[in-house]
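Asker: Sequence lines, in order, name chains A and B.
For the first sequence, this note's numbering begins at 1 and goes up steadily by one.
For the second sequence, this note's numbering begins at 1 and goes up steadily by one.
Just so you know, these hints were derived from the structure itself, not from any lab.
All the pointers check out, no bait thrown in.
Distance windows between CB atoms, simulated:
| no. | chain 1 | residue 1 | chain 2 | residue 2 | range |
| --- | --- | --- | --- | --- | --- |
| 1 | A | D134 | B | L17 | 38 to 44 angstroms |
| 2 | B | E57 | A | S183 | 35 to 41 angstroms |
| 3 | A | I108 | B | Y54 | 36 to 42 angstroms |
Just so you know, even glycine gets a beta-carbon here, dropped at the ideal spot from N, CA and C.
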Amino acid sequence: MKSSLFIVIVLLSGAFAGLIHGTVNFAIVEPYLDQAIGIENQNLFESGAEEDSPEFWVEYEGYRTWQKSGQILAGVILGTSVGALFGIVFALSRNALPGNNDVKKSLILAGVMWLTLYIIPFLKYPANPPTVGDGETVVLRSILYLSFIAISGISAIGFYQLSKKLKNNKKLLALVGYGVFISAVFFVMPENPDEITAPMDLVYEFRFMSVLGVTSFWASIGIILGLFWRKLSSQKEIDYS
Amino acid sequence: MYETRQINVSKSQVPKLAIIALGIIFAAGLFVVGFDQGHVFSLVYGEQAFTEMYLHELTHDMRHAAGFPCH
Ligand SMILES: [Zn+2]
Numbered sequence: 001m002k003s004s005l006f007i008v009i010v011l012l013s014g015a016f017a018g019l020i021h022g023t024v025n026f027a028i029v030e031p032y033l034d035q036a037i038g039i040e041n042q043n044l045f046e047s048g049a050e051e052d053s054p055e056f057w058v059e060y061e062g063y064r065t066w067q068k069s070g071q072i073l074a075g076v077i078l079g080t081s082v083g084a085l086f087g088i089v090f091a092l093s094r095n096a097l098p099g100n101n102d103v104k105k106s107l108i109l110a111g112v113m114w115l116t117l118y119i120i121p122f123l124k125y126p127a128n129p130p131t132v133g134d135g136e137t138v139v140l141r142s143i144l145y146l147s148f149i150a151i152s153g154i155s156a157i158g159f160y161q162l163s164k165k166l167k168n169n170k171k172l173l174a175l176v177g178y179g180v181f182i183s184a185v186f187f188v189m190p191e192n193p194d195e196i197t198a199p200m201d202l203v204y205e206f207r208f209m210s211v212l213g214v215t216s217f218w219a220s221i222g223i224i225l226g227l228f229w230r231k232l233s234s235q236k237e238i239d240y241s
Numbered sequence: 001m002y003e004t005r006q007i008n009v010s011k012s013q014v015p016k017l018a019i020i021a022l023g024i025i026f027a028a029g030l031f032v033v034g035f036d037q038g039h040v041f042s043l044v045y046g047e048q049a050f051t052e053m054y055l056h057e058l059t060h061d062m063r064h065a066a067g068f069p070c071h
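Isolated chain A, as found in the complex:
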């Protein structure tokens, strides 16, 4: 496969998977965002910062429509971006991945990245609907979240390299090592400093839908890139010399 073709299928897979993610979010996450922003509006009226007037609602509707329409576009941008990372890791690890075809290999890698880069960091720093976060702490929270994702991803690679040096039945030790290490990091890292004032039902339901959305992305990219790769690499065997 040529470099240019490789880049094109990686970006296309990411954009498609991101489109699916954005569409799923539009359907299942947006209702919770609306609820959370509704609470915010109530707080604004009660504190006197805004007036419950027709003008307010006209402006609000325009603003929310703009934000909602962004959900799908942002899904495509984020999908292309994370897809690029997925493509790099897949190209570098394809030979080592278990599975007898490219779709299985790609899905397995998507599962590993979903777990190490999303689910484990999510357990420490779960997604929150609007009104929960404090604008003053957003930089700190971004640093904590990104650091935890990076630590998890890099240590997963490190323990994988270690497993290659270990003999057959000791390979599992590397997996245990990752588990112990990331658990330690989990307890050492500071908590999200913000206090949740929104109703917990809303927060938990929002988080559940958010996980479904991101999971739809990782499942899609695993399948789509695997299918592209299988289709194009079988042709490659013919013209590859």
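Could you slot chain B with the ligand onto chain A? The hints should help.
Answerer: Below, chain B with the ligand without anything else, positioned relative to chain A:
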């Protein structure tokens, strides 16, 4: 040039330029969706972009939905 370089599956040599290109796309896209507070538009529109934060508003809902820190 690199267009003619190929991914040699058996030796798993992935072209470095392809990796670098994808790495840049990864970093740029993640920044725009996850963390931008008006920086990208400010390149074109100047300081005003920071107050209006168009890009932030457009990526705002995905930011919450995908688990990035926000408001
Ligand atoms: Zn927000």
